[in-house]
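What follows is the residue order along each chain.
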Amino acid sequence: MRTTILLCLLMVLYVAVNAQRDVYGMVRNQEGEALYGAIVGLQENVSVAASTAIDGSFKLHIPDNKAYTIKIIYYGYKQLVYKLQEDQSGKLDFTLEEDIYNLEQVVVTGTRTPKLLKDVPIVTKVISREDIVLQDAADIRDVLQTELPGVEFTYSMNQQVALNMSGFGGSSVLFLVDGERLAGETLDNIDYSRLSMDNVDRVEVVKGAASSLYGSNAVGGVVNIITNEPKEPWTLNLNAHYGSHNEQRYSGTLGLNGFGFTNLLSARYASCDPIALKNDGDYSEIYGYRSININDRFTYSYRNRFKITGKVGYFFRERDSQETSHDRYRDFSGSLKGEFTISTQDDITVAYNFDQYDKSSFALLDHLDVRNYSNVQNSLRAVYNHTFGKKHILTVGGDYLRDYLMSYQFEGDSAHHQHTADAFAQFDWNPLKQLNIIGGLRYDYYSDANLHHISPKLSAMYKWKDFSFRASYAAGFRAPTLKEMYMSFDMANVFMIYGNPDLQPEKSHNFGLSAEWGTRHYNITVMGFYNRVANRITTAWNSALNGMKYVNMAPLQIAGVDVSASANWDFGLCAKLSYVYTYEHIALGEPLLSSTRPHTATARLSYGKRWKNYQFNIALTGRWLSKVTCDEYTSLTDYTETEKVTYPGYTIWKLMLTQKIYKGLNLNCSIDNLFNYIPDYYYGNSPATTGTTFLVGVALDIERFFKK
Amino acid sequence: MIKRVSFCITAILVSLFSGCNGIFSWIYDPAPQQTIFGFVETNPITHSGTIYIDATDYAKWTYINLAKMTIDTCDANMNVEPAEWDFAIHRYDVKTNNGAAMETDYTSINQIIESNLNLSGTFTPDTFSKVMVDVSDMMNGNIKYADSYINPILNRWLNVNTEQMPPIYTLSNKVYILQLANGQHAALHFTNYMSSTNVKGFITIRYVFPIFNS
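Residue numbers (this note's numbering), protein chains in the order written: chain A, 24 to 731; chain B, 781 to 994.
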């Protein structure tokens, strides 16, 4: 009997040991180069996964003899799927194909969870790292204006930069960096110069309301900047640019990756002399500036189970705005994020974010640097995802934000603060292979305004052959800011501007409908959108107070069509054309004060070719903005009379040549405003150009010189 | 592992409480509480000094007596002025007490102190003009003016270009020679039109008086 039991046990043990097997091999690209850090794993059992070593090798230890699907994932390359047969083991080498058409592009902004771009039911525009490099962009303004029609950066009072994105201003478009909000604003716009493009992996843009996921400010769209993570053991990039008007940019980036740790340290200095304009205008000179941007990002990940990300950043900008004093802007930021994979179905993210944006005035004679504005935001966030049946995802989460604001625009330079909290839920439902439906709901609370707000959304996508059809409804809202509630500002001893604690939140309803046709080489997307925006917050003259006061304005409707077409051919030629028509309508008798240009378009034609030791890409980009006619009050204190004012349209073209010369040496040259457009009169919304300008840049990827 | 998590939570809480209202406030200078106006610096050896004036009120003229080193203010709407004064400031307007002025090529008071001045230029007396005395209803298009003399040469010290918003302020940076009614001369260098906290209408004047042993 004992012998029988022993034999049975040995047999079970023999079967179990025999059932285990190893699969090992190499992961390379089409040029035969080893890919370090590629993920190789079983789709059906995520606990069996490995990342490739420096020589591209991997080894999977599979506990049984069943058939599995092996997935090989590496950023910038098409995902590879391999069907592993029952009992199959031994050597398996994989070759990954570069994903030059971004077919496998993963995005997060539309749903707050990673999802393939082609599978997202919310139209998301992605500006890739390659696009950014091709433009040699200085900051987010260059990128958005060049890539997206309907986006215009203009000057408001005192040359402060203001955004208009298809009818929505800076306070109605939410800017995020890796999903986190940015502190500070000037005339309702964040400091866009903070957002340099040095270590950006991609920029995701969702047009339309997204308050059900992101809360306040996501009325007209969300711009999410996703930063890079080092993938090679070490990288060192040094960069220098010099251009017209003594424009200078110098930057360096050091990336390290090993033993589960990554670190990316980057530093950047930029400056430009004042630019005297050639014709009359609302301003005669563009202020000179200097800026410094230092960021460090640290990650530690353990067996794909959890990942900790820490970031710190410092930003400084000085603007030569006055003869006897300069404006200074600083930002201090830090964050800590933990991402935990609990099981194949569950993951949770917890994050803390700190962002402080200061403004100060530096008196040149006294050498005094006196702070007059400080916005400090502390936020906590938790997001939990649960996957049902491998395809339906429930996302729930909540945020807490403490918002502190000290400002020269408050009485006696005093400070105010408020607490905001929210909870949200979203269900990503895939009832059919071709059909995806996402519904979401968010509740927001603002302490000082005692504001409770619910924001719903519903989006659907249906795929048929090479077509994707999307339809969405989303609500947007913007809570009154501390500035808008409590301002008490003496405007040059002439009049006062008063805040209004009784302001109602801005509310919007956004409807979108789109059709997309895409193949490996071609893509055409047509999107229609309609927004109804109520209670938009603005300032108006108040006769009783004999000053300006923040008020809610009459409902505004914004509708339009967005068309884009692109083509990529294997021999290196790419073409892209995008156009947006925007129509704004306000109730009869109410003035339409916004100066949104009805027709805008962007275009890009590029050609590139690669040899063993040389690579070049030449790109011609252009943007066309039509003229716009809008209402303006004949007097700031008379709300009965308006006059029509027309601002001229313009076209700006840029020619860029980027070259990779021997290993890690890169040389860039660009000619901006190629056809020498100079405004006859410099309005706030005229391009701040004095004509054709030149910029040359040298970049060294030091690690490439050490590669065989 | 538990220790690491506890450390992270503690670090987060410490950051939360310490950084609620901001960090690094020590890198900034405190806002100067400068409420002393008049002759804030004097050097009896070089007969030089600094005058600091609050000229934010459109309804006031500030009168300066160089010999007695005193300042006084009078309502710009009323036709009154102190018994003794040498020159006066109203916002960025300057007038003299029956004196005259000349612009030099010097750009600092120290250059005046260290040089032998040549007074071969022409001195220009005040001219009749109007100054703004009430802008509180400016947004309704109503600005009140009052008659006054101003000195067209001294008024060059600051160019205010109001064709754009905000206006562009440009200092001439020139040193001006003020000739008093009694024949004495003073050198005036207007160095700032703002306070240290960027409020416009606070005027800093570097001066030498008397010069030329006059």
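Errors might be hidden in some of the hints.
Claimed, not checked - In silico BS3-like cross-links for lysine-lysine, where the CA-CA straight-line distance does not exceed 27 Å:
| no. | chain 1 | residue 1 | chain 2 | residue 2 |
| --- | --- | --- | --- | --- |
| 1 | B | K924 | A | K506 |
| 2 | A | K572 | B | K924 |
| 3 | A | K414 | A | K141 |
| 4 | B | K848 | B | K924 |
| 5 | A | K572 | B | K980 |
| 6 | A | K686 | A | K650 |
| 7 | B | K924 | A | K382 |
| 8 | A | K101 | A | K413 |
| 9 | A | K488 | A | K141 |
| 10 | A | K413 | A | K360 |
Calculated directly from the structure, the hints in this document are not laboratory data.
**Asked** What are the numbers of the hints the structure violates, in ascending order?
**Response** Going through the list in order, the structure violates hints 1, 4, 6, 7 and respects the others.
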